[in-house]
Amino acid sequence: MDKPEFVYVTYIATTPEKLWKALLDGEITRQYWGYRNVSDNWKVGSTWRHERAYDDSGMVALVGKVVEFSPPRRLVLTWGVPADAANESKHSRVTFDIEPLSDTVRLTITHDQLEPGSEMERSIAEGWPKVLSNLKTLLETGHTLPKFEFFKQ
Amino acid sequence: MDADKVFKALADPSRRQLLDWLHGDNGQTLGELCEDLDMTRQAVTKHLALLEDANLVVTIRRGREKLHYLNPVPLHEIHERWIGKYERRRLQALHELKKGLEAKRGEGRQPKEERDGQAGIRVRHVYSHHA
Chain A
1 MDKPEFVYVT
11 YIATTPEKLW
21 KALLDGEITR
31 QYWGYRNVSD
41 NWKVGSTWRH
51 ERAYDDSGMV
61 ALVGKVVEFS
71 PPRRLVLTWG
81 VPADAANESK
91 HSRVTFDIEP
101 LSDTVRLTIT
111 HDQLEPGSEM
121 ERSIAEGWPK
131 VLSNLKTLLE
141 TGHTLPKFEF
151 FKQ
Chain B
154 MDADKVFKAL
164 ADPSRRQLLD
174 WLHGDNGQTL
184 GELCEDLDMT
194 RQAVTKHLAL
204 LEDANLVVTI
214 RRGREKLHYL
224 NPVPLHEIHE
234 RWIGKYERRR
244 LQALHELKKG
254 LEAKRGEGRQ
264 PKEERDGQAG
274 IRVRHVYSHH
284 A
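Those protein sequence lines, which keep their order, are chains A and B. First residue of the first sequence? That's 1 in our numbering, and the numbers climb one at a time after it. First residue of the second sequence? That's 154 in our numbering, and the numbers climb one at a time after it.
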């Protein structure tokens with residue numbers, strides 16, 4: 001069994017339901033991620049996509065399938081570049097685990113099945129910490145950190 | 154994030170070294186980490202517990218093994234707290250310049266990832282945006 005490449009944890013003062021919604025609602029993901037997470041039907045086996053939202057292009061940056069859908073606790077998505085849309089063996093996998101604690105929620109993101117040395121691996125190592133701290137700020141304060149200009153880099 | 158815990162965890166060279174090892178090779182067992190360090194297993198366990206309490210290290214179970222991962226999320230929150238949006242790119246450019254120049258001067262003494270010959274290219278890339 002291969003070990004995951006990355007595991008990230010953040011604690012957010014919110015409820016599992018609000019956090020779950022923030023992962024799937026494209027209008028909310030736009031605010032902290034700069035991309036819209038979109039699916040015609042969020043359920044196991046459906047496709048989803050990650051659309052650029054910091055400009056008007058609507059460019060699709062990532063595509064994949066819903067592997068597990070257990071609201072509001074666990075979401076598993078495959079994660080690939082559009083060029084590999086049909087080639088699922090090249091997709092990596094992202095697991096979101098939501099665990100309620102007394103007055104906060106623990107969000108664990110596990111990213112595995114990444115191709116070693118790939119561009120995806122490099123961009124992920126930089127990307128998740130930014131996305132997670134912005135998500136935390138949005139849920140706890142209602143606004144995001146200085147405009148998400150850094151998503152363009 | 155508990156900033157006091159993060160700074161306390163970082164204020165020790167052995168714990169920073171543990172984070173360096175995980176940055177180089179994420180997802181290691183206690184045994185693997187002990188092999189690389191000149192410390193007793195007991196000391197490594199204690200340092201890891203402190204790092205985990207500060208949320209700088211997270212662990213997952215894989216079968217009978219416990220794997221340790223570097224969790225840079227609290228560090229990113231500290232970064233966000235003091236670095237403004239306008240400073241970010243200039244600081245990045247300066248950092249790339251420093252890295253590029255030092256890699257050229259100290260060829261062979263830099264960590265592998267900085268020796269890959271890309272640092273110089275990145276400096277030019279950064280400046281092309283700022284010219």
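The hints are simulated quantities; they were obtained by calculation from the structure and are not laboratory data. Here the structure is a predicted model, which means the values were calculated and not measured. Some hints could be false.
[What the hints assert, rightly or not] To be clear about the criterion: a stretch of chain A counts as covered by chain B if any three or more of its residues have a C-beta under 8 angstroms from a C-beta of chain B, and this derived list gives those stretches:
{"id": "1", "segment": "2-13"}
{"id": "2", "segment": "126-134"}
[What the hints assert, rightly or not] With a straight-line Cα cutoff of 20 angstroms, these simulated EDC-like cross-link-like pairs (lysine to aspartate or glutamate) come out:
{"id": "3", "chain 1": "A", "residue 1": "Lys90", "chain 2": "A", "residue 2": "Glu5"}
{"id": "4", "chain 1": "B", "residue 1": "Lys161", "chain 2": "B", "residue 2": "Asp206"}
{"id": "5", "chain 1": "B", "residue 1": "Lys219", "chain 2": "A", "residue 2": "Asp97"}
{"id": "6", "chain 1": "B", "residue 1": "Lys252", "chain 2": "A", "residue 2": "Glu126"}
{"id": "7", "chain 1": "A", "residue 1": "Lys3", "chain 2": "A", "residue 2": "Asp97"}
{"id": "8", "chain 1": "B", "residue 1": "Lys161", "chain 2": "B", "residue 2": "Glu218"}
{"id": "9", "chain 1": "A", "residue 1": "Lys3", "chain 2": "B", "residue 2": "Asp173"}
{"id": "10", "chain 1": "A", "residue 1": "Lys3", "chain 2": "B", "residue 2": "Glu218"}
{"id": "11", "chain 1": "B", "residue 1": "Lys219", "chain 2": "B", "residue 2": "Asp173"}
{"id": "12", "chain 1": "A", "residue 1": "Lys3", "chain 2": "B", "residue 2": "Glu230"}
{"id": "13", "chain 1": "A", "residue 1": "Lys21", "chain 2": "A", "residue 2": "Asp112"}
{"id": "14", "chain 1": "A", "residue 1": "Lys90", "chain 2": "A", "residue 2": "Glu68"}
{"id": "15", "chain 1": "B", "residue 1": "Lys199", "chain 2": "B", "residue 2": "Asp155"}
{"id": "16", "chain 1": "B", "residue 1": "Lys219", "chain 2": "A", "residue 2": "Asp112"}
{"id": "17", "chain 1": "B", "residue 1": "Lys219", "chain 2": "B", "residue 2": "Asp206"}
{"id": "18", "chain 1": "B", "residue 1": "Lys219", "chain 2": "A", "residue 2": "Glu27"}
{"id": "19", "chain 1": "A", "residue 1": "Lys3", "chain 2": "B", "residue 2": "Asp157"}
{"id": "20", "chain 1": "A", "residue 1": "Lys18", "chain 2": "A", "residue 2": "Asp103"}
{"id": "21", "chain 1": "A", "residue 1": "Lys65", "chain 2": "A", "residue 2": "Glu51"}
{"id": "22", "chain 1": "B", "residue 1": "Lys161", "chain 2": "B", "residue 2": "Asp178"}
{"id": "23", "chain 1": "A", "residue 1": "Lys43", "chain 2": "A", "residue 2": "Asp56"}
{"id": "24", "chain 1": "B", "residue 1": "Lys219", "chain 2": "A", "residue 2": "Glu5"}
Backbone N, C-alpha and C fix where the C-beta goes; we use that ideal spot for every residue, glycine too.
Do the hints match the structure? See the list:
| no. | hint | verdict |
| --- | --- | --- |
| 1 | 2-13 | holds (count 9) |
| 2 | 126-134 | holds (count 5) |
| 3 | Lys90(A) x Glu5(A) | holds, 15 angstroms |
| 4 | Lys161(B) x Asp206(B) | holds, 11 angstroms |
| 5 | Lys219(B) x Asp97(A) | holds, 18 angstroms |
| 6 | Lys252(B) x Glu126(A) | holds, 18 angstroms |
| 7 | Lys3(A) x Asp97(A) | holds, 17 angstroms |
| 8 | Lys161(B) x Glu218(B) | violated, 28 angstroms |
| 9 | Lys3(A) x Asp173(B) | holds, 19 angstroms |
| 10 | Lys3(A) x Glu218(B) | holds, 11 angstroms |
| 11 | Lys219(B) x Asp173(B) | holds, 18 angstroms |
| 12 | Lys3(A) x Glu230(B) | violated, 27 angstroms |
| 13 | Lys21(A) x Asp112(A) | violated, 23 angstroms |
| 14 | Lys90(A) x Glu68(A) | holds, 19 angstroms |
| 15 | Lys199(B) x Asp155(B) | holds, 19 angstroms |
| 16 | Lys219(B) x Asp112(A) | holds, 16 angstroms |
| 17 | Lys219(B) x Asp206(B) | holds, 16 angstroms |
| 18 | Lys219(B) x Glu27(A) | violated, 37 angstroms |
| 19 | Lys3(A) x Asp157(B) | violated, 31 angstroms |
| 20 | Lys18(A) x Asp103(A) | holds, 14 angstroms |
| 21 | Lys65(A) x Glu51(A) | holds, 15 angstroms |
| 22 | Lys161(B) x Asp178(B) | violated, 23 angstroms |
| 23 | Lys43(A) x Asp56(A) | violated, 28 angstroms |
| 24 | Lys219(B) x Glu5(A) | holds, 14 angstroms |
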